[in-house]
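Engineer: Given next are the chains, with one letter for each unit.
There are 4 protein chains.
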Amino acid sequence: MNAEPPLSLHGVFPPITTPFKRSGDIDFQHLVANLERWNQQPLRGYVVGGSNGEFVSLNTEERVDVVRAVCEEVPPGRLVIAGSGMQSTRGTIELTNQMAEVGANVALVVTPSYYKSMMSAVVLENHYRQVADASPIPILLYNVPANTGVELEIEAVVRLSTHPNVIGIKESGGNVAKIGAMVHKTAEDFQVLAGSAGFLLAALEVGAVGVIAALANIAGNELAEILTQFSAGEHDAARAIQLRLIEANTAVTTGYGIPGLKAAMDMVGTYGGPVRSPFMSLGKAQKKALRRILVEARLL
Amino acid sequence: MNAEPPLSLHGVFPPITTPFKRSGDIDFQHLVANLERWNQQPLRGYVVGGSNGEFVSLNTEERVDVVRAVCEEVPPGRLVIAGSGMQSTRGTIELTNQMAEVGANVALVVTPSYYKSMMSAVVLENHYRQVADASPIPILLYNVPANTGVELEIEAVVRLSTHPNVIGIKESGGNVAKIGAMVHKTAEDFQVLAGSAGFLLAALEVGAVGVIAALANIAGNELAEILTQFSAGEHDAARAIQLRLIEANTAVTTGYGIPGLKAAMDMVGTYGGPVRSPFMSLGKAQKKALRRILVEARLL
Amino acid sequence: MNAEPPLSLHGVFPPITTPFKRSGDIDFQHLVANLERWNQQPLRGYVVGGSNGEFVSLNTEERVDVVRAVCEEVPPGRLVIAGSGMQSTRGTIELTNQMAEVGANVALVVTPSYYKSMMSAVVLENHYRQVADASPIPILLYNVPANTGVELEIEAVVRLSTHPNVIGIKESGGNVAKIGAMVHKTAEDFQVLAGSAGFLLAALEVGAVGVIAALANIAGNELAEILTQFSAGEHDAARAIQLRLIEANTAVTTGYGIPGLKAAMDMVGTYGGPVRSPFMSLGKAQKKALRRILVEARLL
Amino acid sequence: MNAEPPLSLHGVFPPITTPFKRSGDIDFQHLVANLERWNQQPLRGYVVGGSNGEFVSLNTEERVDVVRAVCEEVPPGRLVIAGSGMQSTRGTIELTNQMAEVGANVALVVTPSYYKSMMSAVVLENHYRQVADASPIPILLYNVPANTGVELEIEAVVRLSTHPNVIGIKESGGNVAKIGAMVHKTAEDFQVLAGSAGFLLAALEVGAVGVIAALANIAGNELAEILTQFSAGEHDAARAIQLRLIEANTAVTTGYGIPGLKAAMDMVGTYGGPVRSPFMSLGKAQKKALRRILVEARLL
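Residue numbers (this note's numbering), protein chains in the order written: chain A, 1 to 300; chain B, 1 to 300; chain C, 1 to 300; chain D, 1 to 300.
What the hints contain is simulated information worked out from the structure, not anything from laboratory work. Note that the Cβ used here is the ideal one computed from N, Cα and C, for glycine as well. Heads up, a few of these hints could be off.
Unchecked claim - Think about it this way: if two alpha-carbon atoms lie no more than 30 Å apart in a straight line, the pair counts; the simulated DSSO-like pairs of lysine-lysine are: (1) K284/A / K21/A; (2) K284/B / K21/B; (3) K21/A / K287/A; (4) K185/A / K116/A; (5) K116/B / K287/C; (6) K116/C / K21/B; (7) K185/B / K116/D; (8) K21/B / K185/A; (9) K284/A / K288/D; (10) K288/D / K21/D; (11) K116/B / K21/C; (12) K288/A / K21/A; (13) K21/B / K116/B; (14) K116/B / K116/A; (15) K116/C / K116/D.
Stated by the list, open to error - Over the 12 Å line for every Cβ pair with chain D, so calculated as not near, a few chain C residues: (16) Q40; (17) V176; (18) K185; (19) L200; (20) A238; (21) N249; (22) M265.
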């Protein structure tokens with residue numbers, strides 16, 4: 001367990017996609033090439049094996065392999081946050097340990113969700129407490145109701161925030177009132193990260209410290225600029241960038257999903273490549289619409 | 001139809017509750033007393049017959065009577081926004097006209113919602129267009145999915161924003177990315193109001209101009225102060241007030257509902273009084289919990 | 001209050017549509033013509049001012065006028081069930097009394113729903129109890145979550161079933177396990193009606209006694225035949241009709257809604273006519289698709 | 001691929017729970033003991049590694065091990081249906097092959113669900129088609145929206161029903177109209193199984209052939225008796241059993257979940273044992289309430 005001051009999560013983290021070859025196997029060469037590109041951008045680090053990494057379509061070995069590969073390419077000072085959530089506490093603890101072994105700095109633990117109606121605040125708190133107790137690296141809670149159908153209630157977050165090994169939360173639900181309330185009521189060193197670029201500026205305004213956003217795979221510079229302008233008190237400048245990006249953010253998240261994100265990456269010159277089925281790649285008309293949106297957002 | 005520059009909605013509007021006597025009849029004396037109190041606060045005006053006014057529990061005549069009574073008490077320079085939404089276009093047009101006749105400055109028109117699955121963007125746009133065409137006063141769109149189960153899509157809002165008689169929207173859904181996107185894509189003079197105090201500051205940060213919030217019935221000064229500090233560039237000060245109020249806001253909205261709001265009004269010295277059934281007044285334990293929350297928020 | 005044995009609801013009830021003229025006014029002539037046609041069919045009675053009657057788009061006076069008109073045309077032995085639900089208890093009681101005065105035999109009371117999150121089992125039970133206490137005619141509970149977003153929980157239904165003036169429930173949620181549980185646990189003379197033709201046979205099999213179904217506006221004979229065959233123990237025959245009708249039922253309910261139902265009525269020779277806005281009439285392609293479905297169901 | 005007549009799924013299948021030791025490891029001894037008991041009951045076979053088997057809390061190796069163990073204990077004439085669904089098509093195909101190798105007769109493939117908003121009918125159909133093409137054993141589709149938040153639309157089911165290697169569907173959604181429509185519109189030899197005991201009789205009435213139900217872990221005899229009475233035309237007898245069991249079924253499914261099911265198994269003398277975290281075992285008061293429900297259902 002970690003009694004030292006927690007790691008700072010202030011900044012932008014792309015939840016990186018997992019590159020695949022045509023065969024469907026992981027494409028580690030392109031992974032490295034993407035990292036070389038991202039390493040040039042003012043990012044705080046990387047989330048590996050998050051929702052945008054198609055982690056549920058990787059087997060456990062692959063999940064660890066990707067984190068290991070990223071850890072080898074990350075320059076000092078950047079963090080690697082590894083998705084290590086499984087549906088069981090037992091499985092989550094095991095995978096979290098493996099992620100720590102291969103070099104991850106923080107473990108991102110999504111709420112278990114298959115048995116939705118049973119995932120009460122008490123059950124989830126108990127789960128996270130066991131994982132945090134057992135983990136050699138700090139835990140970042142992860143609430144993403146659009147994928148899980150589960151909501152990690154604020155009361156559970158507040159209680160978990162005092163655990164010395166729970167460092168913060170990635171909140172992807174988009175409820176800014178909840179984000180504000182968490183900032184207000186959690187332990188002082190607990191860090192709240194926006195889970196999408198669409199509400200980044202709003203989240204900062206109520207006390208979030210950074211963002212893990214699909215859009216950072218293609219717009220790391222722009223998102224970092226929002227943080228910079230915001231910190232400098234230049235709210236109009238920050239707002240201008242924020243508003244320009246919302247539609248593009250929607251396109252690569254709820255709009256076209258990860259197939260859209262990977263297509264956008266291909267358009268901007270980062271390797272997107274194929275998705276794993278059941279995802280289906282974008283058709284021609286969809287790609288055209290997506291390209292238009294990226295142009296309007298000045299990402300192309 | 002209105003070709004003049006639209007009315008400014010910059011500021012705080014309490015969606016005032018409708019006071020009842022023990023008999024269940026409307027209590028006009030207490031309504032006047034409340035207004036005298038609110039007239040002392042730095043408010044932009046009043047929303048009458050909104051969700052917090054229990055408008056669905058009033059008959060049509062009562063809805064008009066309350067608006068008339070308020071119009072008589074409002075000092076120059078303050079706006080009266082009257083809820084005039086009905087489930088049918090025909091009924092909405094008729095009631096909007098009556099509201100204009102008794103002095104309302106703006107009509108707040110909630111999305112029809114009973115036949116949820118049929119309320120597509122096209123259907124809702126068509127509804128609002130007819131109402132806006134026929135109304136002698138400007139229309140404020142009203143999206144409140146928690147009550148209606150209907151979402152007024154951004155595409156419909158963008159198209160409606162160019163109608164000369166559609167002045168803005170009260171957005172109560174709490175989706176700040178949507179608020180930002182609306183600010184970005186709607187006509188220049190279209191005004192977006194946050195529909196709840198929980199995400200007020202976040203909404204301002206992305207371009208909203210004001211707020212219609214249940215909480216303004218008991219915290220008009222505090223909410224106005226958020227706007228003042230925000231406009232002065234004092235974001236830390238604005239944030240401090242905002243964060244302090246979130247839990248109280250939850251208590252008088254999704255937590256204890258209008259029974260909670262009225263109980264809170266009674267606690268702070270404004271007349272809350274009884275609710276109309278099916279609402280049931282708060283029990284003792286609930287009142288105690290509510291009082292504690294108001295104290296923590298320094299509203300008591 | 002009613003201490004006599006309750007009225008039998010065994011049979012088929014069309015929740016009749018409200019015919020409008022092109023002007024949007026109620027078309028009483030066509031209403032009478034439709035009733036003359038329906039009076040030839042083996043129906044148990046009529047539901048007037050239910051969801052399919054566009055009751056939320058009628059004003060209160062119109063709601064009463066339609067019930068009055070129907071009562072004058074209904075032959076002895078058929079029941080008139082009048083929708084009298086309002087959002088407030090007070091309004092519901094008042095309208096229920098008016099419905100009784102103009103001749104309705106039973107009042108159909110939909111759950112209040114605007115303040116969804118507040119409509120707990122306790123609140124709804126309290127509402128219904130007041131209405132049932134005050135009503136001169138028996139009350140039929142009405143659960144229709146697709147429209148209301150509210151679920152009347154089985155516990156509340158069980159408790160209300162012992163009220164001498166609560167005669168039964170129209171259950172439109174489609175949850176047959178709930179229907180079975182209600183049959184099993186409610187008072188002996190409590191009558192459960194399926195609220196849609198799609199699950200009629202299944203509901204009968206677990207103890208429902210009849211049906212209030214949009215489809216009965218165009219397929220009263222067929223639905224009555226399902227009941228007849230079922231009662232005769234001819235389950236294969238009943239099933240054949242049931243399965244044939246499901247897609248047509250979907251088309252005039254969740255598929256094309258009331259615009260679809262009215263278009264289908266026009267196709268089969270009953271007067272459908274225009275809908276009230278915000279509803280929009282079916283386009284050509286939709287009508288063609290609908291006609292094909294009716295042909296397949298042998299309703300055309 | 002299978003060109004022979006499909007396997008008959010007429011009958012009752014318990015989706016067996018996975019027994020664990022106190023240590024959390026799989027308890028194969030108790031698994032065998034449970035099977036010896038179930039082998040005495042008139043069951044058609046077993047579902048292994050379904051939702052009630054906590055399959056998401058097993059690793060892939062464990063999932064295969066349990067199926068292998070069951071296959072060794074199953075007498076001739078009984079089917080083993082193995083859950084082999086993964087979030088990716090690739091993973092599902094691989095696991096399905098492993099299940100076939102260890103002796104499973106049929107593979108139960110749940111809809112992928114993590115990326116809910118992307119799981120359109122086209123995407124799901126494409127997924128199932130690839131899995132069915134590649135599988136050496138027949139595929140049983142599995143729709144369970146309460147867990148997945150995804151609905152496998154009837155159109156996709158109808159199209160998939162003509163695939164020679166798609167044998168049927170386990171439909172757990174409880175929508176009997178959908179079950180009827182599937183029976184009506186799918187290929188003739190496609191078999192529909194109710195996915196819960198709560199709507200078993202209703203499903204049979206519209207053409208389902210059997211049931212996979214959590215409750216069969218404790219009430220296999222009773223559920224088989226419903227099928228027997230139904231087939232004999234003894235609908236009143238079938239209904240009496242069905243209605244008696246609904247509340248107990250709710251208790252071991254949506255009520256107390258798998259912790260409740262395992263507690264109930266312990267009460268009736270089958271080994272339930274501990275659950276894997278994040279599930280938490282039932283408390284004393286919950287066990288008492290559960291016992292009362294089982295007594296009322298005459299299962300104790």
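Engineer: For each hint, tell me whether it holds in the structure or not.
Structural biologist: How the hints compare with the structure:
no.	hint	result
1	K284/A / K21/A	holds (21 Å)
2	K284/B / K21/B	holds (21 Å)
3	K21/A / K287/A	holds (20 Å)
4	K185/A / K116/A	holds (26 Å)
5	K116/B / K287/C	holds (21 Å)
6	K116/C / K21/B	holds (25 Å)
7	K185/B / K116/D	holds (28 Å)
8	K21/B / K185/A	violated (39 Å)
9	K284/A / K288/D	violated (60 Å)
10	K288/D / K21/D	holds (23 Å)
11	K116/B / K21/C	holds (25 Å)
12	K288/A / K21/A	holds (23 Å)
13	K21/B / K116/B	violated (34 Å)
14	K116/B / K116/A	holds (25 Å)
15	K116/C / K116/D	holds (25 Å)
16	Q40	holds (28 Å)
17	V176	violated (4 Å)
18	K185	violated (8 Å)
19	L200	violated (9 Å)
20	A238	violated (8 Å)
21	N249	violated (7 Å)
22	M265	holds (21 Å)
Hint violations for this structure: numbers 8, 9, 13, 17, 18, 19, 20, 21, all remaining hints satisfied.
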